[in-house]
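Line by line, the protein sequences give chains A and B.
Counting from 153, one number per residue, gives the positions in the first sequence under the working numbering.
Counting from 153, one number per residue, gives the positions in the second sequence under the working numbering.
Incorrect hints may have been included.
Identical copies go unnamed one by one, so any copy, or any two together, can satisfy a pair.
[What the hints assert, rightly or not] Lysine-lysine pairs mimicking DSS-like chemistry, simulated, CA-CA at most 30 Å apart:
id : residue 1 : residue 2
1  : K550      : K185
2  : K446      : K550
3  : K304      : K169
4  : K304      : K462
5  : K238      : K394
6  : K382      : K363
7  : K185      : K342
8  : K382      : K342
9  : K291      : K462
10 : K517      : K382
11 : K160      : K382
12 : K517      : K185
13 : K363      : K342
14 : K342      : K394
15 : K446      : K285
Hint data in this document are derived by calculation from the structure and do not stem from the laboratory.
There are 2 protein chains.
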Amino acid sequence: MINHDFIKEISLATPSKIVMLVIDGLGGLPDPKTGRSELETARLPHLDALSEKGVCGLADPVAPGITPGSGPGHLALFGYDPVSCKIGRGVLEAVGIDIELEAGDVAARGNFATVDDKGIVTDRRAGRISTEKCIELCKHLDGMTIDRVQVKVYPVREHRFVVLFRGDNLQTELTESDPSRTGVAPLEVKAVGTMARGTADIVNQFITKAKEILAKYHPANMILLRGFAKKPQLPTMPEVYKLKPLAIAIYPMYRGLARLVGMEVARTGKTLEDEFETLKENYAEHDFFFLHVKGTDSAGEDGDFARKVKILEQVDGLVPAITALEPDVLIVTGDHATPAVLGGHSWHAVPVLICARYCGPDAVKTFSETAFIAGGLGRIASQQIMTLAMANALKLAKYGA
Amino acid sequence: MINHDFIKEISLATPSKIVMLVIDGLGGLPDPKTGRSELETARLPHLDALSEKGVCGLADPVAPGITPGSGPGHLALFGYDPVSCKIGRGVLEAVGIDIELEAGDVAARGNFATVDDKGIVTDRRAGRISTEKCIELCKHLDGMTIDRVQVKVYPVREHRFVVLFRGDNLQTELTESDPSRTGVAPLEVKAVGTMARGTADIVNQFITKAKEILAKYHPANMILLRGFAKKPQLPTMPEVYKLKPLAIAIYPMYRGLARLVGMEVARTGKTLEDEFETLKENYAEHDFFFLHVKGTDSAGEDGDFARKVKILEQVDGLVPAITALEPDVLIVTGDHATPAVLGGHSWHAVPVLICARYCGPDAVKTFSETAFIAGGLGRIASQQIMTLAMANALKLAKYGA
Numbered sequence: 153m154i155n156h157d158f159i160k161e162i163s164l165a166t167p168s169k170i171v172m173l174v175i176d177g178l179g180g181l182p183d184p185k186t187g188r189s190e191l192e193t194a195r196l197p198h199l200d201a202l203s204e205k206g207v208c209g210l211a212d213p214v215a216p217g218i219t220p221g222s223g224p225g226h227l228a229l230f231g232y233d234p235v236s237c238k239i240g241r242g243v244l245e246a247v248g249i250d251i252e253l254e255a256g257d258v259a260a261r262g263n264f265a266t267v268d269d270k271g272i273v274t275d276r277r278a279g280r281i282s283t284e285k286c287i288e289l290c291k292h293l294d295g296m297t298i299d300r301v302q303v304k305v306y307p308v309r310e311h312r313f314v315v316l317f318r319g320d321n322l323q324t325e326l327t328e329s330d331p332s333r334t335g336v337a338p339l340e341v342k343a344v345g346t347m348a349r350g351t352a353d354i355v356n357q358f359i360t361k362a363k364e365i366l367a368k369y370h371p372a373n374m375i376l377l378r379g380f381a382k383k384p385q386l387p388t389m390p391e392v393y394k395l396k397p398l399a400i401a402i403y404p405m406y407r408g409l410a411r412l413v414g415m416e417v418a419r420t421g422k423t424l425e426d427e428f429e430t431l432k433e434n435y436a437e438h439d440f441f442f443l444h445v446k447g448t449d450s451a452g453e454d455g456d457f458a459r460k461v462k463i464l465e466q467v468d469g470l471v472p473a474i475t476a477l478e479p480d481v482l483i484v485t486g487d488h489a490t491p492a493v494l495g496g497h498s499w500h501a502v503p504v505l506i507c508a509r510y511c512g513p514d515a516v517k518t519f520s521e522t523a524f525i526a527g528g529l530g531r532i533a534s535q536q537i538m539t540l541a542m543a544n545a546l547k548l549a550k551y552g553a
Numbered sequence: 153m154i155n156h157d158f159i160k161e162i163s164l165a166t167p168s169k170i171v172m173l174v175i176d177g178l179g180g181l182p183d184p185k186t187g188r189s190e191l192e193t194a195r196l197p198h199l200d201a202l203s204e205k206g207v208c209g210l211a212d213p214v215a216p217g218i219t220p221g222s223g224p225g226h227l228a229l230f231g232y233d234p235v236s237c238k239i240g241r242g243v244l245e246a247v248g249i250d251i252e253l254e255a256g257d258v259a260a261r262g263n264f265a266t267v268d269d270k271g272i273v274t275d276r277r278a279g280r281i282s283t284e285k286c287i288e289l290c291k292h293l294d295g296m297t298i299d300r301v302q303v304k305v306y307p308v309r310e311h312r313f314v315v316l317f318r319g320d321n322l323q324t325e326l327t328e329s330d331p332s333r334t335g336v337a338p339l340e341v342k343a344v345g346t347m348a349r350g351t352a353d354i355v356n357q358f359i360t361k362a363k364e365i366l367a368k369y370h371p372a373n374m375i376l377l378r379g380f381a382k383k384p385q386l387p388t389m390p391e392v393y394k395l396k397p398l399a400i401a402i403y404p405m406y407r408g409l410a411r412l413v414g415m416e417v418a419r420t421g422k423t424l425e426d427e428f429e430t431l432k433e434n435y436a437e438h439d440f441f442f443l444h445v446k447g448t449d450s451a452g453e454d455g456d457f458a459r460k461v462k463i464l465e466q467v468d469g470l471v472p473a474i475t476a477l478e479p480d481v482l483i484v485t486g487d488h489a490t491p492a493v494l495g496g497h498s499w500h501a502v503p504v505l506i507c508a509r510y511c512g513p514d515a516v517k518t519f520s521e522t523a524f525i526a527g528g529l530g531r532i533a534s535q536q537i538m539t540l541a542m543a544n545a546l547k548l549a550k551y552g553a
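Using the sequences and the accompanying hints, generate a full structural model.
Right under this line is the structure:
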């Protein structure tokens with residue numbers, strides 16, 4: 153696979169613009185009743201028209217057979233090797249709420265939870281307390297120093313928060329305190345190997361103190377921690393591609409991912425329409441746009457075939473808002489498939505469409521998984537999409553004499 | 153990717169013969185007026201017939217999105233990794249005119265150029281002086297010794313020559329003296345890093361002396377140097393594949409590339425017909441033939457769609473000269489695409505056709521980019537073509553028990 157040093161040598165800063173529309177969980181599977189997938193069920197006139205103009209194919213986010221999480225799926229789309237570039241959940245959550253992580257910081261995802269008088273978890277989300285309550289409780293926990301390690305606590309939304317440990321020699325090889333189910337006590341955090349023993353001790357001290365402080369705040373009388381991670385040192389998209397990239401995403405995690413690869417993050421609203429409007433407003437100032445659509449994945453995760461179809465149609469209706477900007481390159485793809493019939497992410501290859509002046513069109517006329525099998529891109533790795541986007545934007549110099 | 157040590161262990165010397173017809177810049181893009189590419193416009197009855205008999209596909213010379221130069225494009229076709237095997241332009245030019253490079257030699261491409269009385273470049277090609285003049289001027293520059301480094305100067309054609317530095321500890325991390333444009337003075341050659349400072353000094357001394365010598369030979373009163381390089385140490389095709397390969401090419405660079413991988417180079421004439429005649433004459437003595445067609449690439453580079461179509465038809469007319477020899481394996485492909493509408497090399501995947509007794513034909517009946525999308529080879533790396541050629545020639549033993 154082509155690496156970043158290679159791309160860095162041949163990438164060119166030019167005025168041409170690339171829009172990457174990422175429809176989260178794009179690919180699906182046939183509804184057994186109709187034999188048609190979500191894409192084949194939806195009425196998608198604008199995406200069909202793009203298929204006819206562009207070159208299509210299927211992309212494997214990680215490798216055939218591997219079901220990716222959102223992290224690996226997006227890293228691949230941004231041109232990073234999703235196997236060697238690992239990003240922990242704690243880091244994702246932290247960067248998603250604008251926390252500036254320093255190199256040795258360890259971040260973790262936290263849940264406020266409910267335990268009974270025997271210490272058994274009865275609700276892993278503390279009845280989904282309000283975000284206001286979350287903000288208040290985080291203030292009580294924030295600012296401790298344990299064995300010279302600073303502990304910062306940041307609210308996210310509802311029962312979710314981020315905890316950040318800042319100090320020397322902190323390690324991330326830690327087990328989770330979240331038992332992932334009710335009816336049992338929270339787990340002690342343990343070091344995997346000997347290196348992280350000191351860190352495990354500090355985390356456990358923090359949990360003990362938090363429990364004491366929260367005792368009077370039932371139902372949020374306990375915390376559960378998971379996803380201990382440090383910020384990875386990735387070459388940024390501006391460095392590698394010489395792009396000035398902008399991320400437009402409603403959900404924090406996707407903004408966080410974009411920040412980790414050096415994208416600026418746009419302020420946007422809470423609806424799909426807001427995101428497309430944000431694209432338009434910021435179009436002059438950037439040359440790469442990552443536009444993230446979340447609803448398709450959520451519907452797929454909920455096993456709601458009809459809702460996924462509806463959101464696909466809603467996205468299709470917004471496609472003209474992109475094409476009206478006349479980007480030099482328009483990519484439409486997803487970070488992974490989320491077939492409603494599976495109710496979760498899956499390993500299936502994801503449709504990918506590239507529309508550009510010199511894309512070299514194929515015979516595909518329909519935006520669907522099966523139609524794209526015959527596409528001119530064939531079956532590629534998602535990690536190669538960025539290189540193709542750059543090539544189609546005429547932003548890559550010839551390699552070698 | 154399969155490496156050479158792997159192939160070496162399973163390759164077999166057999167009497168079967170492989171012809172690899174490389175149509176330089178083969179792939180194209182649709183003419184916006186007709187919607188048809190060069191291949192789709194040309195009348196190619198013989199290539200169409202081969203498509204019907206053979207197995208087809210699309211090949212990426214380097215990786216999807218990467219536009220290759222001729223060097224990487226050909227290395228990939230010969231089965232070498234075009235990213236790890238780098239060949240500098242100076243070396244290519246040198247081996248193309250039969251210079252035997254020794255291991256530490258540094259070769260560079262030279263141009264005779266014109267500078268005005270202020271030393272500003274007014275013509276980077278000295279009015280394209282005749283090859284005879286080039287030969288004469290090279291004699292004046294040839295044979296210096298600078299700080300115990302021998303400097304040899306060889307004419308190529310018109311304004312082009314090769315300069316070879318032979319001595320101890322010469323390095324290639326040097327900037328070019330060619331400013332790549334007129335209206336400025338030639339650049340001083342500088343070391344990139346500290347290792348090459350001594351070499352930079354020698355090169356600059358040579359340029360200064362050359363300028364003194366050439367002062368009276370206006371318009372060829374200056375030289376411009378670029379592409380400083382040493383010969384790479386590649387395992388040869390006879391070693392890896394146990395083949396006795398022959399290269400047939402009109403242009404020096406392609407003969408040079410073939411020599412670097414251990415091919416013999418045939419004497420041939422100046423026309424396409426000459427090359428096909430050379431194939432016939434040498435057919436008994438070799439078992440692998442690299443037959444290079446240059447005109448398609450030149451026409452593409454010139455943005456001349458109609459000429460590219462015409463040359464494709466001319467090549468098609470010569471295909472029976474190959475099939476009459478009944479090679480066991482016939483490969484038809486290109487080193488990269490050169491769409492006339494782009495007027496240069498491009499990143500698009502290149503058609504590849506394998507015709508052999510056991511190739512496993514597909515349903516493709518037309519020799520074109522879009523028809524080949526549905527080919528049985530799918531989308532492969534150009535580096536894999538040689539292995540497929542060997543397999544189809546029954547020259548690879550089973551791997552593993």
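(message) Going through the numbered hints above, which ones does this structure break? Give me the numbers in ascending order.
(response) Of the numbered hints given earlier, those the structure breaks are 3, 4, 7, 9, 10, listed in rising order.
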